[in-house]
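Listed in order, the protein sequences are those of chains A and B.
Counting along the first sequence from 1, when you hit position 178 you're at 178 in this note's numbering, and nothing is skipped either side.
For this note's numbering, count along the second sequence from 1 and bump the result up by 1000.
Errors might be hidden in some of the hints.
Unchecked claim - Using C-beta positions, here's what the derived DEER-type ranges look like: (1) A:E240 / B:V1181: 44 to 52 Å; (2) A:E232 / B:K1030: 45 to 53 Å; (3) B:D1254 / A:E49: 42 to 50 Å; (4) A:S238 / B:K1295: 27 to 35 Å; (5) A:T197 / B:V1225: 16 to 24 Å; (6) A:S238 / B:G1029: 51 to 59 Å.
To be verified - Heads up, simulated DSS-like pairs for lysine-lysine below, C-alpha to C-alpha not over 30 Å straight-line: (7) B:K1310 / A:K245; (8) B:K1011 / A:K169; (9) A:K169 / B:K1310; (10) B:K1302 / A:K245; (11) B:K1045 / B:K1157; (12) B:K1332 / A:K249; (13) A:K249 / B:K1295; (14) A:K245 / B:K1332; (15) A:K249 / B:K1076; (16) A:K18 / B:K1333; (17) A:K18 / B:K1125; (18) A:K249 / B:K1269; (19) A:K147 / B:K1337; (20) A:K147 / B:K1011; (21) B:K1337 / A:K249; (22) B:K1236 / A:K245; (23) A:K245 / B:K1169; (24) A:K245 / B:K1295; (25) A:K18 / B:K1011; (26) B:K1076 / A:K169; (27) B:K1011 / A:K245; (28) B:K1157 / A:K249; (29) A:K249 / B:K1045; (30) A:K106 / B:K1076.
Calculated directly from the structure, the hints in this document are not laboratory data.
Since we're looking at a predicted model, the values are computed, not measured.
All residues carry an ideal CB built from backbone N, CA and C; glycine is no exception.
For reference, the chains in residue letters:
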Amino acid sequence: MKIVVCVKTTPDTTAVIKVEGGRASWGETPLVINPWDEYAVEAALQLKEAQGGTVTAISVGGEEARIGLKHALAMGVEEAVLISDPGLAGVDPAGVARVLAAAVQKLGGVEVALFGRQAIDDDSGTTAAQVARRLGWAGLTLASVIKVDGGSLRVERAMEEGRQVVVAKLPAVVSVVKDYGSPRSPSFLGIRKASRTEIPTWRLGDLGIAAPAIGIVPEELHEAPTREVVCEIITGGSPEETAEKLAEKILGERQK
Amino acid sequence: MNIWVYIDHFKGQALGSSWEAVGAGKTLGKVTALVVGSGVEALAKSAFEYGADEVLLADEAELADYRSEVYATTLKQALAEGGCDVLLFPTTSRGLELAAMAGVDLDSGVLVDVVALELSGDRLKVTRPMYSGKVLARVTSTGKPQIATLRGRAFPKPAQQAGRTGTIKKIKAGGGGLSQVEGYTAGEGGVSLTDASVIVSGGRGMAYNPALAAPAGMDEKQAEVWRAQQGFELLKQLAGVLGGAVGASRAAVDAGYVPYAMQVGQTGKLVSPDIYLACGISGAIQHLAGMRSSKTIVAINKDADAPIFKLARYGVVGDVYQILPALIAAMKKRLQK
């Protein structure tokens, strides 16, 4: 089975984000594979282990996007492709989806394309559904359980009300949530292999598409206002007395 | 301006953020509600009561289960008739997915998880959080209709006006199904975190109750999880009294105390209740990112230097196991439960 996993490179979750010169900046915080995408890589590897086949990781971005791809390789993915092109400067999520759909088509014979549920920088969470729609494949987002059964895929989707069990014929696009299970850590051998693996770069011309039009226009970024709160510490002679005072404060806020 | 609003629901039960989206739509123009499902005429009636001026209703047996490709095609057909300037969805799992697919069908950018919006001429401009709310971006989109999903609890829920009605126009179900729904497994039930007005959350600190002796035969790790789960039972009781939901920090989820569905934070749910009560949560930056937009934050923690107190309006420096039972009793008394 030919499996694709799409990954992004983002600042680590511990980053303190500042806005400098109208752009988001994360200082010295290291770039990492988008944490949600680790679950997608894990799901891809488990599918391969159960079904046989190969896993290819794809990323759209500049040179920094190799960080996420190297991590996927170190986890056990066989090959990786970077899609990088000057025409992709300022590309929006819909444009990325268009590029990824073209890359999946170029690879050919792909049966499952996996995604993390969203990227922790842009927080859009639309890419998997958009790639599915572009390809005309079933889009099964927010999967916590993924099983292949013959030519079909059965997933459990984590929805507001509980889990929806859905079956679709392959090929399909799936996005993966954290319930799926912990992603494996890269092994020492995996890291060595990743450092030696050549990652080819594809240009838009290789995909046979023009630079996508930009549909989302950022106008202004600013840091979220810091909360101007002074914490009132509640004390009392006994836990009961403290709790009484606290209950009064909480219910007072609730009525505001 | 003609604003179309998708009403997200599960088996005919609307998610609260759908009505918030209707309310937000009314501030921009005339609202057409899109109701898609099977046996959902009552929802159309509710849409008028929450302020919709018109309803487009696709009510057919084959729409009984939500399937993204079929629902998206239903919307696509309706949109092809024209007349929509702005298409709004609540940011729910279904709403976000349909917005994404509509973005492809209409070749229009999707403004995701919007917390504020305004019209500038005939263009919608919005504010949306990025980096889990560490940054706010003002953005617009170029396509038409413009598409946006609205974050739950970011816009007020309109008052229901009993008996208010309007015209219902029937629309056809889309075809092209690629998937089948086999069934549902029950969720945790109760109030959903993203809709809750009160959230009671627990962290690693919920495991430290030395007074509680774990049943014999458990190893150290099992005993820790067991103790924490007894602690979360207290949080559930308190949430029950307050009509709220129970959340957890990533540390508590990773330690195996509670399922991931309860995680609040950067890689969990982003919540903004009126009251967020953090118990035994120190306040890692990833957790704060997920709940910083709560109206009032209250913290109970043993460590007076815990970062959570920097965001809290009220704090108790003390043992959650001493305060919580007393707080449950105090709340029960005051709320007469």
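Subject >> Satisfaction of hint between K245 (chain A) and K1310 (chain B), Cα-Cα up to 30 Å >> reply: 20 Å, holds
Original post:
Is 42 to 50 Å a correct range for the gap between the Cβ atoms of D1254 (chain B) and E49 (chain A)?
Top reply: 24 Å, violated
Subject >> Given hint K1125 (chain B) paired with K18 (chain A) - CA-CA distance at most 30 Å >> reply: Distance ~23 Å between K18 (chain A) and K1125 (chain B) Cα, so the pair holds.
Original post:
K1076 (chain B) and K169 (chain A): Cα distance at most 30 Å?
Top reply: Distance ~23 Å between K1076 (chain B) and K169 (chain A) Cα, so the pair holds.
Subject >> Restraint check for K1332 (chain B) with K249 (chain A), where alpha carbons must lie at most 30 Å apart >> reply: 15 Å, holds
Original post:
Are the Cα atoms of K1302 (chain B) and K245 (chain A) separated by 30 Å or less?
Top reply: 18 Å, holds
Original post:
Given the hint that K245 (chain A) pairs with K1332 (chain B), does the C-alpha gap stay at or below 30 Å?
Top reply: Distance of about 14 Å is within 30 Å: holds.
Original post:
If you draw a straight line from the CA of K1011 (chain B) to the CA of K169 (chain A), is it 30 Å or shorter?
Top reply: 25 Å, holds
Original post:
Can the suggested window of 16 to 24 Å be confirmed for the beta-carbon pair T197 (chain A) and V1225 (chain B)?
Top reply: 40 Å, violated
Original post:
Quick one, are K245 (chain A) and K1295 (chain B) close enough, alpha carbons at most 30 Å?
Top reply: 19 Å, holds
Original post:
Given the hint that K147 (chain A) pairs with K1337 (chain B), does the C-alpha gap stay at or below 30 Å?
Top reply: At roughly 46 Å apart (the allowed maximum being 30 Å), K1337 (chain B) and K147 (chain A) break the hint.
Original post:
Would the pair K245 (chain A) and K1169 (chain B) pass a check requiring their Cα atoms to be no farther apart than 30 Å?
Top reply: Violated, at about 55 Å.
When each numbered hint is compared with the structure, violations occur for hints 3, 5, 9, 15, 16, 19, 23, 25, 27 and 29.
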